[in-house]
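Participant: Read off the chains here:
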Amino acid sequence: MALSKLLDSWPTLRQLREGDPLGVGRAVQSPRSKTLTARIDEADHVVGSVCPYCAVGCGQLVYVKDGDVAHIEGDPASPISRGRLCPKGQASRSYVQSPLREYKVKYRRPYGTEWEELSLDDAMQMIAERIVATRAETWRRQTPGGAPANRTMAIGNLGGATLDNEENYLIKKLMTALGVVQVENQARI
Amino acid sequence: MSAPDGLLTYGDEQQKRVGFFTDTSVCIGCKACEVACKEWNLIPADGNTWTGESYDNTSALGANTWRHVAFIEQDKPVRTDQDGGTALRSRLEAPADEPSAPGPEDRGAPSTALRWLMESDVCKHCTHAACLDVCPTGALFRTEFGTVVVQQDICNGCGYCVPACPFGVLDKRHLAPAPDLPAFAKEDGRVWKCTLCYDRLKGGHEPACAKACPTKSIQFGPLDELREHADARLAKLTDDGWNGAQLYGRDPEDGVGGFGAFFLLLDEPEVYGLPPDPVVTTRDLPEMWTNMLAAAGALVVGVAATFVGRRS
Amino acid sequence: MPGLGTSFGRGGATTFQQDLQNADCIVIMGSNMAENHPVGFQWVMEARERGAKVIHVDPRFTRTSAMATKHVGIRAGSDIAFLGGIANYILENDLYFREYVQHYTNAPVIIDEEFVDTEDADGLFSGWDPEAGRYDIESWRYEGMEVHGAAGQRGEGFEPRGEQSGHGAAGGGLKHGEPPAEDPELEHPRCVLQILKRHFRRYTPELVADTCGCSAEDFLEVCETLVANSGRERTSAFCYAVGWTQHTTGVQNIRTAAIVQQLLGNIGRPGGGIMALRGHASIQGSTDIPTLYNILPGYLPMPHTLSYPTFENFVGANTSPTGWWGKFESYWVSLMTAYFGEHATKENDWLFGELPRIDSDNSAYFTVRQMLEGNVRGYIIAGENPAVGHANGKAHRLGLAKLDWLVVRDLVEIESAAFWYESPEIESGELKTGEIATEVFFLPAAAHTEKDGSFTNTQRLLQWHRKAVEPKQDCRSELWFYFHLGRRIKQKLADSDEERDRLIKAMRWEYPTHSAVEEPDAEAVLQEISGREIVSGKFLSGYPELRDDGSTLCGCWIYSGCFADGINQTARRKPHWEQASYVAPDWAWAWPANRRLIYNRASADPEGNPWSERKRYVWWDGDEGKWTGVDVPDFKEDKEPGYVPPDDAEAEDAIAGDHPFVMQADGRAWLYVAQGLEDGPLPTHYEPHESPFTNQLYAQRANPRRQQNKDLAEDPYNPVADEPGAEVYPYVVTTYRLTEHHTAGGMTRTVPHLAELQPEMFCEVHPGLAREVGLEHGGWATIYTSRSAIEARVLVTERMRPLRMKDGRTVHQVGLPYHWGQRGLVTGDSANDLAHMALDPNVHIQEVKAFTCGIRPGRRPRGPELPKFVAELREQAHSETT
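Residue numbers (my numbering), protein chains in the order written: chain A, 1443 to 1631; chain B, 3 to 314; chain C, 886 to 1767.
In short, the hints are calculated from the structure, not lab data.
All values reported here derive from a predicted model rather than from experimental measurement.
Do not rely on the hints blindly, as some may be mistaken.
Derived SDA-like pairs: lysine to any residue, alpha-carbon spacing no greater than 20 Å straight-line [claimed, not checked]:
#1 C:Lys-955 to B:Thr-82
#2 C:Lys-1352 to A:Val-1488
#3 C:Lys-1459 to C:Ala-1449
#4 C:Lys-1082 to C:Glu-984
#5 A:Lys-1546 to A:Gln-1567
#6 B:Lys-218 to C:Trp-1462
#7 C:Lys-1352 to A:Tyr-1545
#8 B:Lys-174 to B:Asn-158
Okay, chain A solo, but in the shape it has when bound (with noise of 0.2 Å):
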């Protein structure tokens, strides 16, 4: 047996058993490539998504792997993208993964030099705290032309393009229940 094992790995011997006098093929086939699986057949699970980047909506799948995204590539069910994706939907996995991604909120006070920790919950109060005070200090009833105004013209809130709908439609609600009607996005841009 030990003999048959030693002579089995003696790749000549392989060589010529399997048909590959030259040892360029199965002969020298390695434990790992004999092995081989693709990533996304290992997947614990496969989501459907739709690309971040630009308005195409090209369909994508995210395979996950232990709770990351171990690959994403485009949804050939997708009647408009049928599959394919452009260099920035492929390179979404690397985007969600950037390596200059930041996981924890930061703050810089007045005339601060240096960002500071802060926890997201004492970040959420003081967010809410200045819009109270802010709005409670510029309200306006009315325009000094006495036309009915209701608003703060000293918030604003930017952005909306990149986010989903139902996100929107909270930032819009929302601001326009606070009387803040300076809310913009890409559009304009």
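On the provided structure of chain A, position chains B and C as indicated by the hints.
Facilitator: Just chains B and C now, kept in the frame of chain A:
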């Protein structure tokens, strides 16, 4: 005895030989292939160097670039019948009483010829592949799909294959340690190139670049079908008067026995930086091997024959 | 977009990308589709492979030009001259699609005799008020009709225009959908067709050549190709993007194409249409459900400070007696019910009196001015990067430094978050970190893979993306951020008796949450958007079910039905190969009512038969007594082609059976826009705000109605045309994107595999210009305007062709991609720092596609020398003026 190029050595595991047909007449130069390849194969970025070579900042195939899109700007019309608008001019001169008569000569000539060629280059997966022949470790091998792949668990970075390739495809990966990029932080030294997505093929998936290509400039499939398709495409483009349309690497009789990944170009290969008539650098190797085997074989065969018979 | 909205009735692309494959000719203009929409471009390539002509008209020879069958280079900012020339060619040679034009457009309508065209007033329409710098639009009206929406409000300085009336609801006083005076034979001298003919008569091929810098031959080839591929048997499509919108004549650029496509009979038909190609994943969605100051969801107008004192007045002004805008009150009340629930009642006018009021311009650029003047204290930025992406980036950064507090939400620390320690102004010393009072909160955002939600793509298609993984650490969706922000604010104000807090207290804000971080349920929000019956909770099937009595709620009436039957229609992903036609109606959900190609009643002739077998799409099935075809008919299903509305018909019932544009008051496409636009009922060629040329057509050089910041020190302008000092900035500059990057670069400069593909800021110039100023290929250039100076690597290329203008004058154009900033894996100067903030008057879009610059070899001055350099040149230019 199998073919000397390693094709058809897989017996019942043998698959149809597959490859790429890259049709540059529909390439929009988007580089989705470059990125799709890197994303799938987890290839590190290749350096942020602006070259000024049209829109090409990748420059060449290498260990970290397995698809490379070349950009060539030319003073040439796309179609041979584009003559600068003489036919139009004569027609315009006819209705003299129309308010839309042509303007005086100083109003700018019709657009002059200009074309921008784009071509996604890749390992050719040659029928006669010199890299295979020279690899002393068996790292380079011919897969059951007829493609040529470097096995990373075998390659020791000797680099013999690098000068053997007539296209300069094979390249050693040199990576500085990059602590900020943990995924790619591994020091290397091995040779890397297009695998035609060997892992994807095993799973029945098409290679990443072909799948991503927005205009299907990169087509994947059984080589014989691709060749038929390419012949029809060339005939159509020729009929339509496309300037310089030609197939490159399609011919099984050429110096490398035809490419597993061949091209439709719109100009001579040199224009794209491709060798016009590539020849396998190890053309005489089979003969050498035969001689060597004849000498050494007698000794081996006697011992081995019994096992071959028993185990197969 | 009001360009499409006023012309056809809805502010969205009239067609869908896959349908481009059916076109016999595609004109791509104001777009570099192959580079910026590569995957959508596959459908253009399909058409080309089937034999279609693909024409690219663009200042630059791009990757799109390389794929086109014809490229025509024109001077940036001369699009209306070119398109107006096409209109003239069609009209002068009687090549328009007569039956289509007669029945489906407002060509027969007779215009009031007070109307004076730009041809007769040297570039101004009647009604121009030089003091106010705006038009009184009364004289633009249809003969015998009052301007709609103006009743009782004239003299108050506000009529619905721009995006607010971008839907073409105007047309008050129409009886049974017909204007009072028309000439079906199109011969009356004041009918729209004849006015149009006179308006464009001087837009001859020579004028086009002189103004655009192309040859008359190339221009005529485009005209002939387009005409040869339009009509009963053939159709042509137009594709555009921000190459048309980002001008001081942006809306009118689109309007001109709308006119050409109407004349050729190409709207509402397969292979035809106007494809608006948008740049962000949900830029259509963020207009439909707007994060815009002047509209509410579904293009409902925000109340204005100077108008609509009562709710009755507001509804009256916005309700069209005819067409689908006749149901305005239902849409409005259902929105208020979605916003404020039981707090909004008929008795309190659905809280109309409490709603905030806007001014005529509270757009992003207005806000920047307000920041610079110290009037803005707090600013929230979510997924946008104004420090790089907005025109005149320096003004924006200086503005941010004057805020009290700033919130920036993004995946990476973008320039807009870092301006206080890393920016050109910190480098130059104009800003000093220790002196900036702004408190900055950077909150990391969740990516599309980390949240549920829908994007609306460029073809009005809502597509759902599911969460694949949980966001890490502090990363959260905007849904989470705004929901919990609103929740906290409501808590704080719960006991307030202040008048100002009534609305926020009344706001319905109960969305179920899930997961450990209490993520709001995005589908619950979509359900509210789609609409429900309040008592039964029944999901609405579409906007015809909306009521004006408070019994239905709907967050966006044009999206109504996207959750019909309690099913998330936007999440449908039936593979295209399992669907019966290329229209693929079972993939996601399109507004309105899942129609993919809108106004498709126009794909049939007035009698309801397909114009031709080849261009069959939607037609009248006499046996079944209904409209049928491969798409959802964009018409009342059982309304016969011969239907004539009775005199007392209202709303949709007042639209005749042969009038396909059901959102318009008269059911027709508008060649002439009597109301809804700030700068004229017809497009007119004006030079860009900054241009080296005078207007060859009129004494009026640029759009008289354009918005400028003449008194703003941060937004100085270059001398132009024949003004002294213009020679300091002699070149035309245009900015753009590359395939490899996305807009301001925040989503690509941060990605290794993209950063390396275009790693450095560069400029594209012709060898002739390189020789003229001594630029070396591969070297550096400094490009400067009155605002700033930037440096870029030099790419010398024949693709930037110089253009031969009138009298043999040559114009060189400088091309600048705008993707770079100070941060990211690759960095560089930002092209937008050069741009000014003069705007289109309808939509307040900046003119970054055509302005003027100077260019010289070498790198720009560093540190304090940079603003000095810019100021010296500016003073040199302006000293010549005075």
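Participant: Does C:Ala-1449 lie within 20 Å of C:Lys-1459 when you go C-alpha to C-alpha?
Facilitator: holds, 17 Å
Participant: Is the hinted pair C:Lys-1352 and A:Val-1488 satisfied, with a Cα-Cα distance of at most 20 Å?
Facilitator: Between C:Lys-1352 and A:Val-1488 the Cα gap is close to 10 Å, so the pair holds against 20 Å.
Participant: Is it true that the CA of A:Lys-1546 sits at most 20 Å from the CA of A:Gln-1567?
Facilitator: holds, 16 Å
Participant: Can you confirm whether the C-alpha distance between C:Lys-1352 and A:Tyr-1545 stays at or below 20 Å?
Facilitator: holds, 18 Å
Participant: Hey, C:Lys-955 versus B:Thr-82, does the alpha-carbon distance stay inside 20 Å?
Facilitator: holds, 14 Å
Participant: With a cut-off of 20 Å on the C-alpha distance, tell me whether C:Lys-1082 and C:Glu-984 pass.
Facilitator: Holds, at roughly 17 Å.
Participant: Against the 20 Å threshold, does the CA-CA distance of B:Lys-218 and C:Trp-1462 hold or violate the hint?
Facilitator: holds, 18 Å
Participant: Decide if the proposed pair is consistent with the structure: B:Lys-174 and B:Asn-158, CA atoms, cutoff 20 Å inclusive.
Facilitator: Distance ~10 Å between B:Lys-174 and B:Asn-158 Cα, so the pair holds.
Comparing the model with each earlier hint shows no violations; every hint is respected.
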